[in-house]
Every structure is written in C-alpha cells, then in structure tokens.
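Chains B and C: place on chain A using the hints.
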Amino acid sequence: MKKNIIKLLSLLLAAAMILCVFAGCSDGKTEATDPKTSDNAPADTKTQADTQAETEEAAAPSGEPIKIGVLVADVSGEEALGFRSYYENYIAKNYNVSFVYTEQLEDAAAEKSAIEKFAAQGCQAILSFSSADRATQLDTCIQNKLYYAVASGMLDDAQFETYKTSEYFVGQIGPSMDTEYEAGFAMGKYFADKGVKTVAMYGAFIPNPMHVYRAAGVLAGLGMTYGGASEKDAIVGQIFADQGVDLSKVGANGVELVGYFQGFGDTTFDELYGLLGQNPDAFLSVGMATTFFTDALNGAGVEFSDIDSFTSANGKAMTEGKLVYLAGKYSSSIGPIFAALVNAVNGHPVRDAEGNALSISQDYLVATDAASFDKYSTADQGESPIFSKDVLDTVIGDSVSYDSFVALVTEDRG
Amino acid sequence: MEPILTMKHIRKTFSSTVALGDVSLELWPGEVRGLIGENGSGKSTISSIAAGMQKPDSGEMIFQGQPWAPKSMIDALHRGIGMIVQESGTISGVTVAENIFLAELDQFKRFGVIDRRAMNRKADEALAGIGVKDVQGSTPLAALDFQARKLVEIAKVVMKQPQILVVDETTTALSQTGRDILYDVIKRFRSEGRAVLFISHDLEEIMDVCDTLTVLRDGARIRDFKKEEFEPDAIRTSMIGRELQGDYYRSDFTPSRLEEIALKARHLQSGGALKDVSIDFHKGEIVGIGGLSHCGMHSLGKVLFGAEKPESGSVTTADGTKITNETVAMKHGIGYVAKDRDVESLALNTSIRDNIAIAGMERYALGNFLVTNAKEKPYVDRQIESLSIKCAGRDQLVSQLSGGNKQKVVFGKWIGRGSEILILDCPTRGVDIGVKKAMYELMTSLKKEGKAIIMISEELPELMGMADRLIIMKDGVVMKEFPRSESLSDAEIIKYMI
Amino acid sequence: MAQTNLAKKNRTRELLVALLPVAALLVLFGALCLTVNLKGYRLDMYLKIVFNEGVVLAVVATGAIFIYSLGSFDISLGASTLFSAAIGVMVYNSTQSLPLMICTIFGVAIGCSLLSSVLASVFHIPVFVTTVAMMSVLSAVAAQIITANGGALGGIGIPATVVAPLDNVPFKLIALLVFTLICVFVFDFTKIGRRLKFLGSNPVCAKLSGIKVNVYAIVAFVMAGLGVGLGAFLTLVYTPSVTPTTAGSIGMNILVAIVFGGMPISGGSRSRIYAALVGGFSYILLNNILKIVIDSGAGYGISQIVSAVFFLAVVYVTSMNYRTKLLPR
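Residue numbers (the numbering used here), protein chains in the order written: chain A, 1 to 414; chain B, 415 to 912; chain C, 913 to 1241.
Hint data in this document are derived by calculation from the structure and do not stem from the laboratory. Please note: incorrect hints may appear among the correct ones.
[As the list claims (entries may be wrong)] Taking lysine to aspartate or glutamate and the DMTMM-like style, the derived pairs with C-alpha atoms no more than 20 Å apart in a straight line are:
| # | chain 1 | residue 1 | chain 2 | residue 2 |
| --- | --- | --- | --- | --- |
| 1 | C | K1124 | B | E758 |
| 2 | A | K316 | A | E79 |
| 3 | C | K1119 | B | D756 |
| 4 | B | K601 | B | D632 |
In isolation and in its complexed conformation, chain A is listed as follows (with noise of 0.2 Å):
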C-alpha cells in the first residue's frame, strides 16, 4: 500500500511537473501576443499612441484594444499560419487590437462553443476562418452582440440573403465559390494551352465544397466533360454525389486523365507513385499538394500546378523545383477584411446603398515563373505587407464608402 502512495505520488508529481513545463512555455507566447500582460506593453503602447495620432479611429478612444477572436477550423496549415504571423506580427503591432485563436474547430458544435469562450472572454469581434456552419456561427455572434465577418469563402447566396441586414455582419471578403471554380478552370486551361497531353489529378479533401468547386473548374478548363456534363453546376454537383473525380465519367478532349486520387492517409503516397508510374505531362493539384507531395513531384521531374499561398517553400519549388502554376493568397489578402471589422466595432460600419453587409469577391494570383512569383511574394514580406498600414488606413475611418473598399480589394496588385 505504502508503496502504492509512493508510486501515485510520483505519478502525480510527474504530472504536475509536464503542466509547468506546458505553462512556462505558453507564458512567453502570452506574453507576446498579448499587449495587455507583456512585458513590452509599454513599447507597445507608444507605438499605439503613435498610431493613434495618425489615425484616432484605429482603437477605441479609451486605449482599450479591440479584442477580435478568430476561428480557425486547421490550425496547422501552412496558409493559416501565414495569416496568423501577418494579424500577430504586423496587424497586432500597428493597431491597438489584440487576437485570440481557437485551437483546431471540429464541427459546428465546436465554433459555436468557441464563439461563446471569446464573447465569455471580452471579445467584441469575430473573425472567421471555419466553415463548418456559417448559419450558426452568425447565429451565435447577433445572439452575443460580436462583430462577424467572414476571412475566407463565402457565406452561400441564400444564407447572405438571410444575413445582408443584420447589425452584426460587418461582411465577407474572400474567394466565392465562383472564384474557386474560376481559379480551377484558369489553371486547366494553362495546361491545355500549353499543350499536354496527360495529366494527372489531386483532388485534396474532396468534398470540402472548396476543392469540388476547383476539381470541376480544373476539369472544365482542361476541356474535358464530366458525366456527360461540361456545365459548371452540373459538374460540380455529381462530384458532390461521387465524393470524388470517377475517372470512368470523364470525357476526354484532347487532354487525357490518367489518373485521380485524394485525401491524405496511410496509401496516399503508393497512390500517387502509381500515377507518376504513368509519365502524365503534368500534374494538377486543387490543393495541398505544395505541402504534401513537393519533394516526391520534383524527384519525379513532373510539372505541377496547385492553389496555395505564396511561401517560401512555394517559391523555392517553383525557382529550383518543377512547381510551374501557383494560383495563391497572400499572407496580408485578409488585412482589408480586418480593415472593415474595426471600423464596425468603432462605429462606423460599411454598407452598400441598401445598407447591405460587405461582399466583395478576392480572386487568387497567380504565379507561372520565379519572376511572378517573387512579385508577390517579395511585396508581401512581414514588415511590409501589399496590404500594409498605410494602405489599410485608407479604409479605416468613419467617412469609409463601400465602393472604396471594392476598389481596394480588387486593385490588381500584380
């Protein structure tokens, strides 16, 4: 018995010592990310003085920093942590604001949990980049009195109906699922434009609506039918009903697809060296594939294509690799969308001339050579971001027309 005490004391004491561990590494990070308890508070608060100068309608007058929680549905992607380092490392530092996260959102029971934590926690503004339930997310934002805006996709046609008027949707700036279909149907028409004559297909987590929107656009650009189909809806919805590509359903027209797979698991690899077993012209990937399937594509001498963000691990592939089509966001693309929550949390509101929330679609760039590539990636760094201070005060402020913010985000930066 005695021995058993000693055997649990320990135990318990082990236990005690891995949770220290776990706390005095998040405490650096708190301390970090959070203005309030940093040490560096006073640095931070100059230079929020400084900003207050310039701009009196960046934070609240009494210095409070508007706290904005942000849903993130993967937390570890590489995209979300782009957008993350330019809202934590650039936004958090030029603005009085102060973010929190979630950790990885499971389901829409799980978004609403997390917006009910950031509203228990003193947020007054949600930022959105979970899809699982739009409706509820929504729901739960006008029940607690939180801003909400929408950081990527799009709420659907019907939903933004039922929303538009509400006091509490700020809007949405992000790629439509028309945009998702178009930036599909860019990147087949690349490749048949130049000429291939098999390619091979990743569809990432089809049937994320996201990626059935771009494996459709991709299969339309290529010029191939699907189903007999060659119209957008009608593509897109037999996939939703295939959960996939079937590649016996594809209509070939010049371009032959050799082959198809998807998802990310314990055969993904032997999948897709069978298909490298094929020697396709090209392979074309809706999403992921940058982060899954870079080095094993470069070793197999095949051109690629894929919808991301613009990295540095993109960009090496695409200078020394065989990465030869990237359609992508930039890490600061969101930084408008937070433009226009500030302005609602202040008080000032954009809406169209019926009053409406914003909804303006963002398309991708694209990238087809280093030197593309370099013009979006290099003007996106950390410390000076396309969307950076000096742009984004042009839309803070309480005289901000809607039209302003659509010249804004659809400015061709490139």
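Below, chains B and C alone, put in the same frame as chain A:
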C-alpha cells in the same frame, strides 16, 4: 544446534482477509516438517513468504544466522530456499533444459551463442540427479504431461542445492512413481542435514513423510505434533477446531429413492465424450457418477444442464420438456455446480451478494423485473446464514474467500433458488474437511427433501460414501451401475474404470 | 472480530476510492471558477458553455456504460450520432415535423446499435469488431448524404428556429437527468441491469447461470442506442446543422469520460452509471481549464497531451485499487 530458518511473528493480510495473524515457525537441520490446515489456514502463505514469493506485512526472518528478506523466488533459490509451487511453474513453448536454466542461460554462452548441447547435458544431469531418466533436456516442454513437468520443476529447484526445500501440494499432480522420486529427494535432504517444509492436504501422506507437523488454522499456529504423537483424529480435530467423527459420509447403506423420475437422459451422443448414454435420475436419490477424468462424466454434467449440446439424444424433465439450454434447465429447477469453480461457477471480483442473487432473482424480483434491496438482502443473508459462509458480509468480494467458502457461495446460489435437481460436478474439490462434511450433510438433507442429486466426482471414497446408485463411465460409455451397498469395494469399481 | 473491523475499514477505503472521481469533479469545477475569475472572463457564460459541451458527451457516455459494463467497447457511437442526426435532418426537411424527426433520430440510433450487436451474435465475432465496421460504414454513408444534399454549404441543417426554444440549460438538464435516472433504474434496480453487470464480470459463469449472453448484449446496445439518439437530438438543438465532422470526437471521448469517472474498462460489477456523468463533465472541465491556462499559441495539441497524462494516471489509480484486492491463490 541452531535452526536453519526462524520466522518470528509473521503477519500478512490481503485486503480485509487476515492470511497470517502472528505466526512463528522454526525449521531445524535434518527436519521434514509438515504443514497442514484447511483452505485459507495460511499454510501456503507462510511457506511462500519463506521462499520469497511474497513479503510479510511485519515480522522477522533469520536464515542460517542472517536476516532473511529475499527479493524474489529466484533470489531465495540462489540464496538457499527453493520452492516447488502448487500451480505449474514451468513455461511451455521452450525445451526442458531452457526451463531449468531459464534465469542463467548466460553460463552456456560461448562467443555470444548459447551452447545448447552443453545446456541439454547439464539438464539431463539435473534430471538424473533426482532419478528421472525418461525425460531429456532437449525435449520441448509441451510434449510432456503434467507429472513430467512437475518433475522438471523439482529437478530445477534441487539442482541449486538449497538448504530448505518447500513442497506445496505437489504430490496431487504425481503418480506413485513420481511421488517416490519426490520422497527420495526428501529423504536425501533429511540425511544431508538440510530441511523440508512439506504442505499437503493428504493426512496419510503427511504422516508418512514428515517428522514433525504444524497445524495452522485461520492464520494462526494451532499445535505441533511430533512423529510419535501423530494420530489422524487428533490432527483433524485441531485442524477444524472441534471434534470430528472418524467418518463423515452417510451412515446408512440402503439405497433409497422416490419412484418419480426427475430427469431422463436418452441415447446421448457427443463426440468421443458420450456414447449412447441413457440414465434415469429419480427424485430423492443421490446418483454418483465416477470414472477417470476424461471418461465423459464432466461432459455429461454439462449436457444434462443444457450447457453443451449433444450430437444426438435428449435430456427431458418429468413433464417431458426437452432441456436445450441453461435457461430452460433453470426454469425447470435444475442447478449446476461446475467443476472449475473460479471460472464457471463464480464471478470472482464480484460480491457474495451478486453471486448468490444472480441465479435467484426471479424468486423475489417484482414482476420478474424490479430488484429491490428490501427483498434481495434477506434472500442473500438467508443463504449466508444457512450455509454458514464465513465472510465479512454479503458485500465482500468472492475472491477474498477461501476455497470452501467459495464453494458454499456456489451452493447458496443454486439451493437458494429452490433447485429440484442438482448437478454437482466435483463439489468437494479443493475444499477442506470441515466444509466437505458440511456439504455431505447438506446433500443428505436435500435428498430427504426429495431433490434429485447428480454427483460427479473423481474421488471414489466420496462416491461410495454418498451415492444411492453409482454409475461408472469409461470412454464415454456407461460401464456399470452399482447400487449402494456396504460390501462395495474399491477394487471392484476400479476394474470398470480402467 | 478483527476481520469485521478490517472489512469495515476496507469498505470505508473503497467508498473513498469510489468518491474520488466526484471529488475530482468538484476540484476541477473549483479550478475552472478560479481560472476564469483570474483571467477576468465571464463565469456565468463559461459555466453554460461547459454544460453545453459536456451534456452530449455525458448523455452518449451514460448510454455507453451499458456496453462498457459488459467489458465490451463500441467505437461507432460517434458515427451513429452523426448518422442519426443526419437522417433526422433529412426527415425534418421533407416532412417539417419535429416529432417525426425526434422519433426518426431515436429509431435510427437504436437501429444502428442493434445492427452492431445482432451482426456480432450472428457471425460469432466480438461486438467490438462489428462496431469498427459500423463506424466506417455509418460515417461514410452520413458523409455521402450530407455532401450530396448540402452541396456548397458543406452541411445540411434544419431551420434554427425549429429547435431554438429548446436550446437552454433547463431543458437539457431535465433531459440529462431523466435519461440518467432511467439508466440508473435499469442498471441497478432491474434484473436486466444486474445481469448485464454480472455478464461483464464473468461471461462463462453468467452463461452457466442462465443468462443469455447474446440477448443481454443486444439489450446493452439498445440502451446505448437510446443515449446516442438523445445525444444526436441535443447536438441538433445546440447547432441545427450536421456536417461530416459532427460528433467526430465523441467516440473516443466516451472512453476517456468513462475512465475519468472511475469505472474499470473491463466492466463488470464495479460499473457505475454516474461514472459517465462525472467523467464526462470532468473531462470537459479539464479541457477548458487547460485551454485557458495554456495559451493556444503555445503549440497545437499540448492540452491533449496533458489530458492524456491525466488519463493514464487515472487508469493507473483505478487499476491499482483493483489489483490489491486479489488474493494470491
């Protein structure tokens, strides 16, 4: 002269059970000391403490003048006390030699490889050392029968030349030749001035083998007997703590039964186990079924209870109902005390209450559904009381009871629900004399109440002592039926068994 | 006499061990209040959130106790929660009838459970194996239904107004209490529950005591199905939509919750209904405390690692108590 081993004020408890209260024991050079007592008296516990299998809660041990606190059985063996355990202490899947040298394979290593030939030779020597010649070191252990494995274990321990040899209930697994080998080993220990601690249930054997005898009861040392004081009734009395008649079987020798048939077995056929077995069991009758272990009698018990399906043939009750499974059997008042008590008759980590109640709920459940404390507790307590189950209360775990009390719980489970037909497979197995006697009395009174009792046993004396009718089976066939009679002899019966 | 005293002392110890999970729940509750206050967050909201997060887990786990008491294991409970919620939504959307939706959810949930157990008894394979297969099938079929009907939305749902009136603590609390009471009644005061526990303790002996193993396995799965049905309904009450990931983590969390509640994974007579309730809420409390204490920036998954350490510690403690009770013979 100094004792080889002195154990002073040894105490050991398991949860709420006191296995050893305050027991002291000495072992002298050249002494063969027997340890005897009922199940749960503490004899296995004290010997396993001496041999390093477990540690005492308190107390002191001195071995050859030095404090004795072995870390494990292997440690104890290397330092001078070796034990041959009750359960099989060997490992199948490897050879005899590997079993013997399990912990010390290194000594046969040459350039990192084990020299099997040298190891096998050494093992052969060790076996020959105790007089075993027909077992080779190179033989896979799985090829040996239980007795040969036990001999391997004995060789393994004796080879180490321990000063003290502890023999715990080993002889039950051995035939006469095996026993003779062990007795020779014991004699050698005695003549060489070493000592033996000998544990057995068999009073006759213990009186034969030992020089002195210590009786334990309920974790306490009750009395020591010198060789010249050995007297069966006196030893038994001190074992169970009260006077015991020399004989505890039925005193009458006239077979009796009611005319009414309780259970009918017809042309039962089940693989090699049962071949065209047909028997009628009457109310108010104890039918003994005997034979060698694999004669089919244990299968017969299961088939009668519906727990095993025969290939053909039938078991029917008085009203003509066919027994097809346990539920039907129970509905018709059949109860079954299985041979493997700890696995088949009891849920060990469950309370006495649950074990007794589980079969009898329909007796007191409202609407055969709702079970309340108000009804259940008295039901269980009645069984505990009427069977004198020695326990701390109805909520005590069955695993904490001694073998005899466990068996009483099983009886309580079946008698409590008012079983009219009781199939008892080895009902007194691993049970001490006190409880045995109680069981026999119970059977007699159940018979008087008109219940049909089917008693399957591997012990001929109890069959002869209790049964109205004795059925002997061999290879699945009923060989012979003997009516109860005073003139019945072992020899006559055994003739039909073998 | 000495034995009785010892037994008494032992029983006190056993009672203490049995109360340990409840004490842990209270400590965790206190710790949550403390951390929330220290951080300056709103406690009332946090308590509501914790309740909402815990209630579905507690309900499904309470039903699952019946399966766990058999020493068995059902890994498909999360998937059948998803599946029955999805079918419920489809039924509502085509009939606009809330009662019909509720009946469908319960029917489908019980049906899924029944199928697992019946398949197991027909093919004579461990139930656990069939539940693994059921998990794959159910989540695949549910995903198919959801994506085929949900399209670009990525999920299907009923109008929020249908169940919004039920999305409050009193309703859920009553649902939880009623279900728990039903389970306690069946588990402890009926022949069915008592036999289930005995079956978990020793199936061989149970069979020889006239307990039909297959029948009771089916009963256990039906009870678990009830829990899944209620859980699926409460999921819809909280968020009126279903996506392929809905209830995804429940399957594993049930196991954790039941262990946190102090029930041995081997089942048997020491199974307790309240283990699911206590363990479910303890687990949710622990998770929330860790998430508040450990900033999300500290790295993904650290709170999971800490809960895993706690989990192992609890398993160790429960089994420790179990081991000391055995006599070495």
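Verification of the hints:
1. K1124(C) - E758(B): Holds - the C-alpha atoms of E758(B) and K1124(C) are around 15 Å apart, at most 20 Å.
2. K316(A) - E79(A): holds, 16 Å
3. K1119(C) - D756(B): Roughly 14 Å between the alpha carbons, so the hint for K1119(C) and D756(B) holds.
4. K601(B) - D632(B): violated, 30 Å
In this structure, only the earlier hint numbered 4 is contradicted, and the remaining ones agree with it.
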